[in-house]
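For this one, chain A is given, so just place chain B on it according to the hints.
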Amino acid sequence: MIGDDTIPALPRGVRLREDQARGGFTLMAPERVLKLDPIANEVLKRVDGTVTVAMVVDDLARTFAADRAQIDRDVKSMLQGLADKRLLDLTGND
Amino acid sequence: MTDGAAIDPPLGLLAELTHRCPLSCPYCSNPENLDRRSSELDTLTWKRVFAEAAALGVMQVHLSGGEPTARPDIVEITAHCRDVGLYTNLITSGINVAGAKLNALADAGLDHVQISFQGDISDQADHVSGMQGSHARKLELAAQVTGLGLPLTVNAVIHRGNADRVREMVQFAVDLGARRIEIAHVQYYGWALRNRDALMPTAEQVRTSAAAVDQSRTDFAGQIVIDAVVPDYYARRPKPCVGGWGRRSLNVTPAGKVLPCHAAETIPHLTFPNVRDQSLSDIWHDSDAFNAYRGTDWMAEPCQSCDRRDVDFGGCRCQALAMTGDAAATDPACQLSPFHARMIELAETAVAEVEASPLDTRYDYRRFL
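In order, the protein sequences belong to chains A and B. Once you know that position 34 of the first sequence is 34 in this note's numbering, the rest is easy, because the numbers rise by one and skip nothing. Once you know that position 63 of the second sequence is 157 in this note's numbering, the rest is easy, because the numbers rise by one and skip nothing.
Next up, chain A with everything else stripped away, as it sits in the complex (with noise of 0.2 Å):
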């Protein structure tokens, strides 16, 4: 399962762009067009491939001033479910 110390990643293959002719972003990937919202898209312009889940949890606390407990239950259950469809991989978790 995902924790604070989990370094997300998006694996070759699945990449973010921005969609020119629909507006917005999207996580492309084998036969898939995701089109993220716009708090996916700022979970997932953090995916670095460095930083962990908290990191990620508290910069986004930090930069829209939010509740980090609910930010961080939001961001694990959507890294979880993209880790799940094999969409992010997912290392230093045991």
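There could be a bad hint or two in this list.
Pairs of lysine-lysine, DSSO-like flavour, derived with a Cα cap of 27 Å [as the list claims (entries may be wrong)]:
| # | chain 1 | residue 1 | chain 2 | residue 2 |
| --- | --- | --- | --- | --- |
| 1 | A | K45 | A | K85 |
| 2 | A | K35 | A | K45 |
| 3 | B | K195 | A | K35 |
| 4 | B | K141 | A | K85 |
| 5 | B | K141 | B | K195 |
Simulated from the structure, these hints should not be mistaken for laboratory data. All of these numbers come straight from a predicted model, not from anything done at the bench.
Positioned in the frame of chain A, the structure of chain B alone reads:
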């Protein structure tokens, strides 16, 4: 007929770069009249098509065939697709790709590799592909793909000869390190229609293969994504073919014809435009062929008043034509179609005599006619 100006841009483009292929699979999705090498678009024209596709709003390009790497310019084309911002997916037989060619494609920015597998047992797989030793060569490529860290999809086409091995196919894909598998029951157009009696699974196989997909989704959760294409002939509702005619994607043939789906050319009264003559944007928005079955105005009953008309769009136009003689009719895969019983009868006839072993099945292999 509808007004194409209001249509959303397509998300995907399937580029049949060539119809040449070392394999002869009897369910090939290419048309029966294959384009010859002499009629293929040149490199510059393909590059223009991909630039136009990106400008039109296409996000993903599927470099397919035939065997797309049979074209000597495949690396140049892949690099160009990345340059114009497209996500590049190689759909390959896996023959003559391993080694330096795959390395060059990966360096050019290839995003994803999809390898067709004709089974998980080599002699059965080679029997279906029509090429001795093909399975082993696919395995070699798959290992190189995952070794490079590229995402691998195993494309498993399901028919009577392998429908009992769905669970094993998923395990096989997991063992290869694939992130995704397509369990795709044969769709009966073109070559597959010619081979329908040899390919049709039994009703029992359809039930057990569906159960195997469900069980595998549980057992391999988080390890592999399973996308399943259900078999039409045993369905109660039709599939929303290609997400609806001219709604989400388009195909370009080796010779440059632009189609809403693989089989669209079987509809004789439609004239499909060519990228040599018109821009992709004009074709997508304004051509009669793409507008022919958009929206719901063209539908007859029982589709017209059906609450699922915006869900499945009446199913597949090509299948409707092939079985009813009318491309605007309800897809016979729908149980509301007056031709539905006929479709079930065809399936039952096809499986009246089942071979003792998959190796005994005789196919009419795909070839240049």
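>> Tell me if the straight-line CA distance from K195(B) to K35(A) falls inside 27 Å.
In response: Roughly 33 Å separates the two Cα atoms, so the pair is violated.
> Taken at face value, is the distance from the CA of K85(A) to the CA of K45(A) at most 27 Å?
Replying inline: Holds, at roughly 19 Å.
>> Checking one constraint from the list: CA of K141(B) to CA of K85(A), max 27 Å. Satisfied?
In response: This hinted pair is violated, its Cα atoms lying about 33 Å apart.
> Taking 27 Å as the top limit, are the C-alpha atoms of K141(B) and K195(B) close enough?
Replying inline: holds (20 Å)
>> Given the hinted pair K35(A) and K45(A), is their Cα-Cα distance within 27 Å?
In response: Distance ~14 Å between K35(A) and K45(A) Cα, so the pair holds.
In this structure, the hints that do not hold are numbers 3 and 4, in rising order.
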